[in-house]
Structures are given as C-alpha cells and as structure tokens.
Amino acid sequence: MSNSVIKNKTVSTCVTEDISEKAKDNLAKQGLTVSEYIRLSLIKAANNEVRLVSFLDSPEAIKAKNEAETGQVSTIGSSNDFDAWIDKIDTD
Numbered sequence: 001m002s003n004s005v006i007k008n009k010t011v012s013t014c015v016t017e018d019i020s021e022k023a024k025d026n027l028a029k030q031g032l033t034v035s036e037y038i039r040l041s042l043i044k045a046a047n048n049e050v051r052l053v054s055f056l057d058s059p060e061a062i063k064a065k066n067e068a069e070t071g072q073v074s075t076i077g078s079s080n081d082f083d084a085w086i087d088k089i090d091t092d
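Numbering follows full-length UniProt numbering, with no gaps: position 20 of the sequence shown is 20.
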C-alpha cells in the first residue's frame with residue numbers, strides 16, 4: 001500500500017459565454033476539452049515551458065506608442081465623455 005497522497009486543486013476562471021463556446025468548439029477540433037487544455041497549459045506553466053505574449057510589443061502597439069511620443073495624436077473627447085461612455089457600457 002502506498003503512502004502517497006493525491007492532491008487535486010480546482011482552478012476556475014470567468015469568460016463570456018461566446019468565448020467559452022468558441023474555445024470549446026476550436027479545442028474539440030483538436031480532440032481536447034477546455035479542462036484538458038487548461039490542465040496541459042498549467043503543466044507547461046509549472047515547468048516554465050511557456051512563452052508569454054507581450055501585447056505591448058505588437059506592431060499596432062509599437063505604432064501607437066510612436067505616435068503618442070511624437071505628438072501624432074488627436075483628442076476625440078474629454079475624460080467626462082469617456083466616463084459617460086463607460087457608464088453606458090455598464091448599463092447595456
């Protein structure tokens with residue numbers, strides 16, 4: 001008889017229904033469930049086998065940074081406009 005103890009940890013995350021369904025459909029095409037994919041991803045992360053993606057290094061982000069640094073920007077509204085826009089999103 002073995003004295004080893006199997007420990008299980010449940011990890012959960014929240015995403016929109018649309019993201020969940022798209023992920024489920026795409027992973028099924030590769031023969032994986034969402035749970036299997038997450039488990040495999042966590043194993044890779046634990047073994048330091050993942051390459052993190054920096055969205056700040058994307059061509060779009062670099063271009064936007066360059067435009068901001070060289071003053072090639074325009075104001076399209078005030079911070080109050082932004083707050084109103086966020087409030088509208090929250091109520092929709």
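No lab work stands behind these hints: they were computed from the structure.
Warning: the hint list may mix true and false statements.
[What the hints assert, rightly or not] Okay, derived cross-link-like pairs now, DSS-like style, lysine-lysine, Cα gap no bigger than 25 Å in a straight line:
#, residue 1, residue 2
1, K22, K44
2, K7, K44
3, K44, K29
4, K9, K24
5, K88, K63
6, K9, K63
### Task
Take a quick look at whether K9 and K24 sit within 25 Å of each other, Cα to Cα.
holds, 22 Å
### Message
Please verify whether K44 and K29 have alpha carbons no more than 25 Å apart.
### Response
Holds. K44 to K29 sits at ~21 Å (cutoff 25 Å).
### Query
Taken at face value, is the distance from the CA of K44 to the CA of K7 at most 25 Å?
With a Cα-Cα distance of about 18 Å, the restraint between K7 and K44 holds, given a limit of 25 Å.
### Query
Between K88 and K63, is the straight-line Cα distance small enough, at 25 Å or below?
It is violated: about 29 Å lies between the C-alpha atoms, which goes past 25 Å.
### Query
Taken at face value, is the distance from the CA of K44 to the CA of K22 at most 25 Å?
Holds, because 23 Å separates the two Cα atoms, which is no more than 25 Å.
### Message
Against the 25 Å threshold, does the CA-CA distance of K9 and K63 hold or violate the hint?
### Response
violated, 42 Å
Of the numbered hints stated above, those contradicted by the structure are hints 5, 6, listed in ascending order.
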